[in-house]
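Visitor: Residue numbers (this note's numbering), protein chains in the order written: chain A, 1 to 257; chain B, 1001 to 1291.
Since the hints were derived computationally from the structure, they do not count as laboratory data. Keep in mind that a hint or two might mislead.
[As the list claims (entries may be wrong)] With a straight-line cut-off of 25 Å between C-alpha atoms, the simulated SDA-like cross-links for lysine to any residue are:
| # | chain 1 | residue 1 | chain 2 | residue 2 |
| --- | --- | --- | --- | --- |
| 1 | A | K154 | B | G1194 |
| 2 | A | K31 | B | V1182 |
| 3 | B | K1123 | B | Q1084 |
| 4 | A | K31 | A | T71 |
| 5 | A | K102 | B | K1123 |
| 6 | A | K102 | B | A1210 |
| 7 | A | K108 | B | S1181 |
| 8 | A | K68 | B | N1188 |
| 9 | B | K1123 | A | K68 |
| 10 | A | K14 | B | N1180 |
| 11 | A | K84 | B | P1207 |
| 12 | A | K31 | A | A164 |
| 13 | A | K110 | B | G1194 |
| 14 | A | K154 | A | G67 |
| 15 | A | K102 | B | W1284 |
[Claimed, not checked] Sample of chain A residues facing chain B (criterion: CB under 10 Å; computed from the structure):
| # | residue |
| --- | --- |
| 16 | V19 |
| 17 | G32 |
| 18 | G79 |
| 19 | F82 |
| 20 | S148 |
| 21 | D159 |
| 22 | I242 |
Beta carbons are placed, not taken as given, at the ideal position from N, Cα and C, and that holds for glycine.
These are the residues of each chain, in order.
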Amino acid sequence: MITLNHVSKTYVTKTGEPVKAVGDVSMTVNKGEFVCIVGPSGCGKSTILNMIAGFAAPTSGEIHVDGKRVTVDVPESLGYIFQKDTVLPWYTVRQNVGLGLKFSQAPKGKIDRKIDKLLRLAHLTDCGDAYPHQLSGGMRRRVALCMSLAVDPKVLLLDEPFGALDTHTKTHLHSELLEIWRELGQTIVMITHDLDEAVTLASRVIVLSSPPSHTLLEEVIGIPYPRDVFELRQNPQFTTHIQRVWKVLGNQFRAAA
Amino acid sequence: MSSEPAVQTLPQDALSPQVSATPQRKPSAGRVRVVVCQILILVLFLGLWEVLTGIQWMQKNSIFDPFFISRPSLIAARIWLWLQPGRNSIWPHLAATLYATGLGLGVGVTSGFALGVALAQSKFWARVLNPFIIALNSTPRIAFVPLITMLFGLGFASKVVTSWFVVFFLVFFNTYKGANSVEQELVNFCRTLGGRPMQILWRVRIPTAAAWTFASLPNAISFALIGVVLAEFVGSTTGMGYIMTTSLATLNATDMFASITILSVLGVGLVYLLRAVEARLLHWSAEFRND
């Protein structure tokens, strides 16, 4: 479980001006929930994830992951997928996926079994010995996801992980992510600027305001799992949710323009 | 992906013409034409040199005097003579130069790499040492050659120290830049995988830095060779530089050109050797993607 209690974050820009990105955000993400955070650009979405992961400290307020207060260290069993490519180009796919287990000096047999299992899960079995530069963007995303899953994270933070992909690849990855989530049951917090993506995946969508940001809306997505991501857009519930969230988000965009 | 690994944006060394001479695997029609033109230019250049220095009027009234610029045929004959064993053999001199170059290069690359990585670990010390490094780097390094010769005497030690000195800074700067070019996201990602700072250093920072180090090696090789030959100019009784200063003393242009030719072949050979090693070690990098 993740809780944010009146969290704020103020940056100091290079010119010395303080910028309040995160105003006052409180939220609770329950165990096993899939939450998407959407909001206008600059509202500190990534900052919130960074603070949950312990990469940055909040200016005020407290963050707890699994009951433990997050300080400067990365909380245990937390996975983080960045928008940027974080696959190591000098390792093969297998070596990349096994990296986390190497860090914890797991026995070789265990590492190999785990890699096999994850590659099957992510449909990468045939590319185990390939180097990242031989893979497509979508495949590299899968490798990054496998790298993270290898250390059995209970919490997964995803920072616009599919932002740079085309719709076709993206939809397939949505389907796979939902499958993996349903099989492994992590708590997921994902940031996206793509409202369709948010409603497709999440059990709850949180809408943040323009900076200094606060929570504007928490929309529970009532569409039951397992969801067929290829059919979802025809579902009238999907459209209703999109419209409800857009009403709030659109006003923010208008105000910012 | 939107972001490419740092290695793909390695600084291109405009100063190393050897690199552009790397053969490509798939010869195309254009490639053949390029090679033909290159050979033509070479033949034309050597042919003119040979013919013009053979004309008596030219010898008297222009620069085309074999006494000053020798002749390709004489140079080739001299190299052939030098390659034979015996009193005139070049091998001991070549070996002396090569040995000092290899040692200076090895020590220079190793120490430059180690210090580059080490300094990148501490923002504080990087800031403290910054002005000194800039000062040392912007002083022409060959200005230190007489001092080095004074300190380390005539001969082997001076040669190695000189080539170390010129190679070190080059490799150090590139490695330092490379180690700093590691993206924070990548480091943070590895932290979430449970990586401790030392593990991230070994598996992430050092490989990234190494790719940048490799990019500096063609220049490092030239620098090492230049350093050794310079030290041999200033004070030595062996080596290619010694042959060249001796030929200056005896006004022997053929010996000079023969030495220059041998040195340039040596330099190109070393760079090609490096490319082979690099292609094996950095096969994952974009530069070798189509090999």
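Visitor: Each hint needs a verdict: does it hold in this structure or not?
Guide: Comparing the hints with the structure gives:
Simply put, K154 (chain A) and G1194 (chain B) have alpha-carbon atoms about 14 Å apart, close enough for the 25 Å limit, and the pair holds. Annotation: proposed proximity of K31 (chain A) to V1182 (chain B) is violated, straight-line Cα distance about 34 Å (limit 25 Å). With a CA separation close to 56 Å, the supplied pair K1123 (chain B) and Q1084 (chain B) exceeds the 25 Å bound. Distance restraint check for K31 (chain A) and T71 (chain A): the Cα-Cα separation of roughly 21 Å lies within the 25 Å cut-off, and the hinted pair is therefore satisfied.
Restraint check: the Cα-Cα separation between K102 (chain A) and K1123 (chain B) comes to about 28 Å, which exceeds 25 Å; the hinted pair is violated. Taking the CA atoms of K102 (chain A) and A1210 (chain B), the gap is near 21 Å; set against the 25 Å cutoff, the hint holds. The suggested pairing of K108 (chain A) with S1181 (chain B) is violated, with an alpha-carbon distance near 31 Å, which exceeds 25 Å. For the given pair, K68 (chain A) sits about 20 Å from N1188 (chain B) by alpha-carbon distance, which is consistent with the 25 Å threshold.
With a C-alpha separation of about 31 Å, the suggested pairing of K1123 (chain B) with K68 (chain A) is violated against the 25 Å cut-off. As the CA atoms of K14 (chain A) and N1180 (chain B) are separated by approximately 20 Å, the hinted pair is consistent with the 25 Å bound. At roughly 19 Å between alpha-carbon atoms, K84 (chain A) and P1207 (chain B) fall within 25 Å of each other, so this suggested pair holds. Restraint check for K31 (chain A) and A164 (chain A): the C-alpha separation of about 29 Å exceeds 25 Å, so the hint is violated.
Only pairs whose Cα atoms come within 25 Å are accepted, and K110 (chain A) paired with G1194 (chain B) is accepted, the gap being roughly 17 Å. Among the hinted pairs, K154 (chain A) with G67 (chain A) is consistent with the structure: their alpha-carbon atoms are about 13 Å apart, no more than 25 Å. Of the pairs offered as hints, the one joining K102 (chain A) and W1284 (chain B) holds, with about 20 Å between alpha carbons and a cut-off of 25 Å not exceeded. For V19 (chain A), the interface hint is violated, the least distance from its beta-carbon to any beta-carbon of chain B being 19 Å, above 10 Å.
For the restraint placing G32 (chain A) at the interface with chain B, the shortest Cβ-Cβ distance is roughly 19 Å, beyond the 10 Å limit, so the hint is violated. A hinted interface residue such as G79 (chain A) counts as satisfied when its beta carbon comes closer than 10 Å to some beta carbon of chain B; here the least separation is about 6 Å, so the hint holds. Evaluation of the F82 (chain A) hint against chain B yields a held restraint, the C-beta minimum of about 5 Å falling below 10 Å. With 10 Å as the threshold, the beta carbon of S148 (chain A) comes within range of chain B, its nearest partner Cβ sitting at about 7 Å, so the hint holds.
At about 9 Å, the closest approach between the beta carbon of D159 (chain A) and any beta carbon in chain B falls short of 10 Å, and the interface hint on this residue holds. Here the hint on I242 (chain A) is broken, as its CB sits about 26 Å from the closest CB of chain B, past 10 Å.
Going through the hint list in order, the structure does not satisfy hints 2, 3, 5, 7, 9, 12, 16, 17, 22.
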